[in-house]
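Engineer: So the chains spell out like this:
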Amino acid sequence: MSEATVLENVQTDEIDYRELDRIIEEEFNNDKENLIMMLQAIQKRYNYLPRPALEYLSLKIEIPTGRIYGVATFYSTFSLKPRGRNIISICLGTACHVRGGERVHERLEELLSIGDGETTEDKRFTLESVRCIGCCSLGPVVKINEGIHGRISSDQVEKILDHYE
Amino acid sequence: MKIQSVKDLEKVSQAYISNLYMPDKIKVNIGMASCGIAAGAKAAYDKILKEYPDKNGIHLCQTGCIGFCEEEPLVEILEAGKPRVMYKHITEDKIIDAVQGYIAGEFNKKWILGQMKDPRSLLEDDVDNPLAGVEPIEGVPVLEDIPFYNSQVKIAMRNCGYIDPDTIEEYFARKGYVAFIQALKEIKPAEVIDIIKESGLRGRGGGGFPTGTKWATCAKHHGDHYIICNADEGDPGAYMDRSILEGDPHSVLEGMLIAAIAIGSRQGFIYARNEYPLAVKRLVTAIKQAESYGLLGENIAGTDFSFNIKISTGAGAFVCGESTALMASLEGKVGRPRAKYVHTVEKGFRENPSNLNNVETYANVPAIVLKGAEWYGRMGTEHSKGTKVFSLVGKIKNTGLVEVPMGVSLRDIVFTVGGGIPKKKAFKAVQTGGPSGGCIPEQFLDLPVDFQRLSEVGSIMGSGGMIVMDQDTCMVDIARYFLDFLQEESCGQCNPCREGIKRMLEILTHICDGHGKEGDIELLQELGNMVAKASLCGLGTSAPNPVLTTIKYFRDEYESHINDKKCPAGVCKPLFHYEIDEEACTGCTLCAKKCPQDAITGEKKKPHKLEQDKCIKCGICYDSCKFDAIVVR
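Going line by line, the protein sequences match chains A and B. Under numbering that gives the first Met the number 0, the first residue of the first sequence is numbered 0, with each subsequent residue one higher. Under numbering that gives the first Met the number 0, the first residue of the second sequence is numbered 0, with each subsequent residue one higher.
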């Protein structure tokens, strides 16, 4: 389980509440059962889950913020901290692991000087490990944003990162 | 048009059959599942669009994955009266040449995987083979006869790679929705259940519970019945469900529809993995298309049967593959399993009777209803009928998805279909069943693969992941890897799983770091047995499997870690170092160029030297040396 994380505050005026209404009401019908998908939509918009958005969501669908926090911290997709411009997902599924994924992971941590789940100071990259994205034939695999880089070895990592600003 | 009968299905599909099998102009099928796209298929697709604007003279089409992921991007070219050719590794720089070569009748044989003998699915044995009478290309192997495909029998994956997943009419053209219409109009719900029961189909998601029995029990209970599809394929190393959803989503929808008739349900849910965006996209399209033909919605095919399907996405939690956790997650809650005094078939989603099967199980259902229980039961072994899709990955030449009848030996799967271990390395083990499974050593290679035999050797079928390991894989590290995974994924509500796995992981980490001590192995076994007995759900009860099987079959590796402080496979960094074998080293300088630490020095054509205090054991030199001159000590 992830460690306790503090909800990050943003300036309230950064949140577009009309858009939140659209997500909550139109896209997901104000339905509590759609909580996880609402959170996904909010994260897609802000790149993370900002505290005011969750508090607003809590009022709208009448679920205590504490319970929303519980859901947001239980599922590994969600981030309560702002993430970088580029999200690096290093696959550590079994196939990638036996083909040397861990070495690629170590090289990434070394080059970016950050650990798993952290963001570089310049907000250029966030490094996240994932368990299997289903591209096992290409292992070891690194997914950066939507692009998948397959069959990479640790010495190619630096070059790949250069493509992302 | 709303489909009312099997005749309607035939009428709609008529216009698509020639395009599927005998296109009057050249047709290019590009395998565009996630794996293909990652290998470069999308770039190849775009290249054709660019070179042949308005698709001038060319019919360009996307398909799902035909399973041979190692050779992707896979591109198939066909035209009426000409051979149907499957090309391998066709990236954007090759695709135009491949197309032009096909048009000119000049085939670059190095690029060809094979020529197809018969493109029909198992369900189409009443139509003629459209390739009958076509003159084959000389010197090009028949696709179905190459070792990778030779022993495969495709039922669940019958359409993957053959049709455009975004075109429902192509699914109709391969007998799609015929079984559903028959089940709706000609067969009684109880008889549908009997067919599934008699077929011997067992759940393909992990547990292997008899599907027909599950349906019958669910139908018996009163309430609003729900049909749920588990598409939360969480086992690392297994991706057949993704491939089915991306390549043939309608087979799953049809399977769910048949289950809905049998059980009496109005509402279905697909719980899909968030990591599979393309699968979700194709499902959304498929549901819309099925609705437009009146195959989903109210009063389907003029009957009083109504059924809708909603897609819900998970958010990255392995434990949500467990039925009660999945249903909690569907309700928008934290995905924690509950004790199953009352089963989900009685009280599941929204406290109502809920039938949960996985993607591959549903994909099998239409074929069984159409061809009959007896046909299905002829394949497989006594207690495991039919076929199973395995994802053959890891240290294996032919990585890919293979669907073989149950009972085929591990040796056949790994060495014949899979082509064996690359780089002439030695086979060590095959891991089945994901984090809940075990590692099977060489001595059991002749084991016929079915539910029972796998559990006899301490592993499980699981969802069909098969991760092949060679001499460079450390079994202690693998056990540590799985426990690390499970520790992170444990929902944390029951003590044995939460604390037990954590303590086992600590011991294994100590061993891998070189701090193992006498008695650790026995302690691991004791803890493992406790966790297996006392945990609440399947995640915990099966969690010790990877540790217990590696101790059972690879105890020597544990002992050398603990007693000699050595990792023979060269994985656990504190327990080995690299050396250069001066006799084998040719002085090619490759390793020195690649070393990020400049730890390797030497002159051209003279044996190199490695400075141990600079070396970070990143393994780049070991992987790149062509002469086996970097050795693990």
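Please note that a few of the clues may not be correct.
Simulated crosslink set (DSSO-like; lysine-lysine; CA at most 30 Å straight-line) [what the hints assert, rightly or not]: (1) K592(B) - K572(B); (2) K6(B) - K142(A); (3) K603(B) - K142(A); (4) K158(A) - K81(B); (5) K424(B) - K6(B); (6) K93(B) - K158(A); (7) K10(B) - K49(B).
No lab work stands behind these hints, which were simulated from the structure alone.
Engineer: K158(A) and K81(B): Cα distance at most 30 Å?
Structural biologist: Roughly 44 Å between the alpha carbons, so the hint for K158(A) and K81(B) is violated.
Engineer: Starting from K93(B), check that the Cα of K158(A) is at most 30 Å away, please.
Structural biologist: 25 Å, holds
Engineer: Is it true that the CA of K10(B) sits at most 30 Å from the CA of K49(B)?
Structural biologist: Violated. K10(B) to K49(B) sits at ~34 Å, over the 30 Å cutoff.
Engineer: Between K424(B) and K6(B), is the straight-line Cα distance small enough, at 30 Å or below?
Structural biologist: 56 Å, violated
Engineer: Just to be careful, I want the Cα atoms of K592(B) and K572(B) compared with a cutoff of 30 Å; is the pair within it?
Structural biologist: Cα-Cα ~22 Å, so holds.
Engineer: If you draw a straight line from the CA of K6(B) to the CA of K142(A), is it 30 Å or shorter?
Structural biologist: 46 Å, violated
Engineer: Between K603(B) and K142(A), does the CA-CA distance stay at or below 30 Å?
Structural biologist: 37 Å, violated
Violated hints, listed in ascending order, are 2, 3, 4, 5, 7; each of the other numbered hints is respected by the structure.
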